[in-house]
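Use the sequences and the hints to build the structure in full.
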Amino acid sequence: MSMTVKDIAENIDGVVDGDDNVEITSLASLQDAVGGDISFLANPRYSSAVKSSKASAVIVNNDWKGDFSGTIIKVQDADAAFSQVASLLIPPPAKPEAGMHPTAVVANGVKLGDAVSIGPNVVIESGVTIGAGTVIGAGCYIGQDTTIGSDGMIYPNVSIRERVTIGDRIIIQMGAIVGSDGFGYTQEGRKWVKIPQVGTVEIGDDVEIGANTTIDRARFGKTVIENGVKLDNHVQVAHNVHIGENAALVAFVALAGSCSIGANVQMAGHSGASGHVHVGDYSVLMPFSAPTKDVTEKTVVSGFPARPFMQHQKSQAALLKLPKLVKRVAALEKRLDDLKGE
Amino acid sequence: MSMTVKDIAENIDGVVDGDDNVEITSLASLQDAVGGDISFLANPRYSSAVKSSKASAVIVNNDWKGDFSGTIIKVQDADAAFSQVASLLIPPPAKPEAGMHPTAVVANGVKLGDAVSIGPNVVIESGVTIGAGTVIGAGCYIGQDTTIGSDGMIYPNVSIRERVTIGDRIIIQMGAIVGSDGFGYTQEGRKWVKIPQVGTVEIGDDVEIGANTTIDRARFGKTVIENGVKLDNHVQVAHNVHIGENAALVAFVALAGSCSIGANVQMAGHSGASGHVHVGDYSVLMPFSAPTKDVTEKTVVSGFPARPFMQHQKSQAALLKLPKLVKRVAALEKRLDDLKGE
Amino acid sequence: MSMTVKDIAENIDGVVDGDDNVEITSLASLQDAVGGDISFLANPRYSSAVKSSKASAVIVNNDWKGDFSGTIIKVQDADAAFSQVASLLIPPPAKPEAGMHPTAVVANGVKLGDAVSIGPNVVIESGVTIGAGTVIGAGCYIGQDTTIGSDGMIYPNVSIRERVTIGDRIIIQMGAIVGSDGFGYTQEGRKWVKIPQVGTVEIGDDVEIGANTTIDRARFGKTVIENGVKLDNHVQVAHNVHIGENAALVAFVALAGSCSIGANVQMAGHSGASGHVHVGDYSVLMPFSAPTKDVTEKTVVSGFPARPFMQHQKSQAALLKLPKLVKRVAALEKRLDDLKGE
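Protein chains in written order, with our numbering: chain A, 2 to 343; chain B, 2 to 343; chain C, 2 to 343.
Mixed in with the good hints, there may be bad ones.
The list cannot tell twin chains apart, which means a pair is met if one copy fits it or any two copies do.
Unchecked claim - Quick list of in silico lysine-lysine cross-link-like pairs, DSSO-like style, CA-CA up to 27 angstroms:
| # | residue 1 | residue 2 |
| --- | --- | --- |
| 1 | 7 | 75 |
| 2 | 322 | 294 |
| 3 | 335 | 322 |
| 4 | 322 | 75 |
| 5 | 335 | 325 |
| 6 | 75 | 55 |
| 7 | 195 | 322 |
| 8 | 96 | 315 |
For the record, the hints were derived by calculation from the structure and aren't laboratory data. On a predicted model such as this, the values are computed, not experimentally measured, just so you know.
Structure follows, in structure tokens:
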């Protein structure tokens, strides 16, 4: 694909400063760009990178000021505009054709909406319902009586077990697992006895589930993921967890059984929450943090057990001074001993 | 399904206090229950939730005392009884039919016990043996000369490589991996040279392996998982690891090469053990902890490098006081300076 | 297989001390070995284990001194020699036959080099190129226009999406994912809006990717993994990450978007790097560490946020003394109060 700066600017409501006849063939970051590339500046922190960039054109926010030898396109939101340009220059791969691949193994009576696409080697058990326009990638498994909404995109080799309910516009990346048994046992002497995991999983609309992420079914009742939740790769959602609307969980987040994550919560990499803990709406968990008690809303927490961010930061800053503090205390003791000796 | 409280009580050896004709149709936690649900109280900590619950019936332990407007069923172990009721009200999905799906690719000479079920698109290489009653879910791969015992349940899209030995009543959740190469290299200059991983994996009876968990084959000899071990989702078992009977490992546990985990050890989320370390029987590793030296038996450890729990707790508690302590030491120094000045 | 010590010694350029007619049938560690086994001592720390080993023969380094009742084989590098012996005694499984399994679903026009092996149920989309001698295991998915070099080994149930480029001699363990969407969103009010992930992944030669590891495609441009990189199981490589030559990343390493890892960096289990951070060549990240700022080359760092190793160690050592230090400061305050009172 190739477009002129002029065409691009029109598509993103931009104002051009410089030559608008330049041909753009690809996209790159300010650092990596070469001639023919378009780039963008979203974070003012990297503003100096514009001047040294070899991009032919750079999209910036309206209030940007600086030098650049190529062409500038000013817009209201450079980040969003760049995403639009990306879709223009590199069109997403063609959506797989509607219909069922001859190698798919689909039980009798499965209900498929209009224009559903079922890829090669897909296995769909009896009682399944799939909404209009949803794509089921190669090698996926969908268990008995599971329901998936419309306009979803389920990439290859995803496994979903029985009686799961999934809303509209779901995106599930490759290798993700939905509806596996929860990790529940009782002890008999030294042995673990499995507790039947007879519950299920309910997932809302506009949810995205990352590659190799796992979502366990409930012991009874439901593991619930509300509308708009975004899960990165390698997230673990245990049995009976509840995740509120628009929460965003990053790689290696571990949610223990029956914990409840509020709406718009953000959990950083390697964070977690203990069983039955509630994290309030809009709270943020820093990397490697995990609360063992409830977290109130709009709170940033750090460390394990998780503490309020500022408290944790002060302790950690003081910790760096601790080796010297030990010496200072020893010196004080000696001074006081000496004083007493006098 | 629907059952009366009377029928339920008979099934779990319970004593009814209240109306035993109530119809029960579903299960829920005390908080989530509505009319028609049965719930239970296992942890006395949540005792107050019984009174406010909208469940039609609640199973409690014999020694429970309190108010409830619905029907109470007293039993010896409310938790276990509730699991029984769950299985009565929500029967587990029908076991897949015995036999081989026509799309399965099974090598000549593979030995299958009675009533084995081989799902669609399963691939089984030559020399494999599978015991009576075991289910191999859709899309599973089983490598050359691997042996799996009887009455196992291997869910869809599980991958098991060559020469692995697995005992009876195994449960493997979707996406799990058994027998991948260990992460072993030697250095030649700046480059890594792969060490052949010619060993295998030996798994005992009554083991459960979570979704997307990985178990590497040994460099030579065996990676060993003893009877009764339970692995949650996303557990990493490296080459030549030994896990003792009934150990239970939670999500994101990382076992480095050749470490050895004692019987009945419990490892919490995001914990781990360094290479060649031994963790003694019945020891417990707290979240985010990892020992770099051997841990004696029946020891609870925290932090990295892991320390005895109480020592770690005392340090962490003191850490919260540290910012003030820094100020107190500065004040002491000033007081002493002033004293000297006098 | 069975070989005499004499034959083994010839294969590894070893000097025999003891009976060289002994038959060797298997390999084991010094601790686990029984009669008929050969073992080795690489780490002088375990030297005492030679004497008590029940192995029939032990390979040691030339400078080893000690007692052993069986046969000793002295070589320059016992570790490397033992790997050679492992391959002699336990030949790796036969490489799958060249050709395409009849159940594979391969698009028209796919370009396959000589002696490529395509396993059962593999799905290969249009425009794919695969180099000579590469093996694609059962159930793998390879997306449109992806290119894979020669002599690669891709184990079963691996998923690779469109437009990915992979070099020669790649090894990909089971369940790994390449080319999934990056985790990128902008916020509109309370909701997350997906940023199209139109970039791709470029992987060099001699790379190994562990089981269930995930590598996200770039938002635009490329996620890059240079020659000789080794990734363990459960590694997360986010969009636009760059990993330099011969870096080695262990289980549960999390690389956030656009971070850049230098050549020959080593990252331990559960470590990570924040977005846009650069880790210099030859640096080492200890377990549970993650830098939030750039790390200079040849630096060992610990903790979160990551600090130089020695600084971190001193703080942690002092932390163990902290509970007593709190008491010592209180005692000092009292002594000073008493002094003032006098």
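These are the hints, each one checked on the structure:
For the identical chains of this complex, residue 7 and residue 75 are intra-copy neighbours only, at 12 angstroms inside a copy versus 74 angstroms across copies, given an alpha-carbon limit of 27 angstroms. Within a single copy, residue 322 and residue 294 get their C-alpha atoms only as close as 29 angstroms, which misses the 27 angstroms cut-off; across copies the closest is 20 angstroms, which meets it. For the identical chains of this complex, residue 335 and residue 322 are neighbours both inside a copy (20 angstroms) and across copies (18 angstroms), given an alpha-carbon limit of 27 angstroms. Taking CA atoms no more than 27 angstroms apart as the test, residue 322 paired with residue 75 passes in neither setting, with 47 angstroms inside one copy and 51 angstroms between copies.
In this assembly of identical chains, residue 335 and residue 325 lie within 27 angstroms of each other by CA distance both inside one copy and across copies; the values are 15 angstroms within and 17 angstroms between. Taking the closest pair of Cα atoms, residue 75 and residue 55 come within 27 angstroms of each other only inside a single copy of the chain (18 angstroms); across copies the shortest separation is 59 angstroms, beyond that limit. In this assembly of identical chains, the alpha carbons of residue 195 and residue 322 never lie at most 27 angstroms apart, being 49 angstroms within a copy and 43 angstroms across copies at closest. Taking the shortest Cα distances, residue 96 and residue 315 never come within 27 angstroms of each other, neither inside one copy (52 angstroms) nor across copies (57 angstroms).
The structure fails to meet hints 4, 7 and 8 from the earlier list, while all remaining hints are met.
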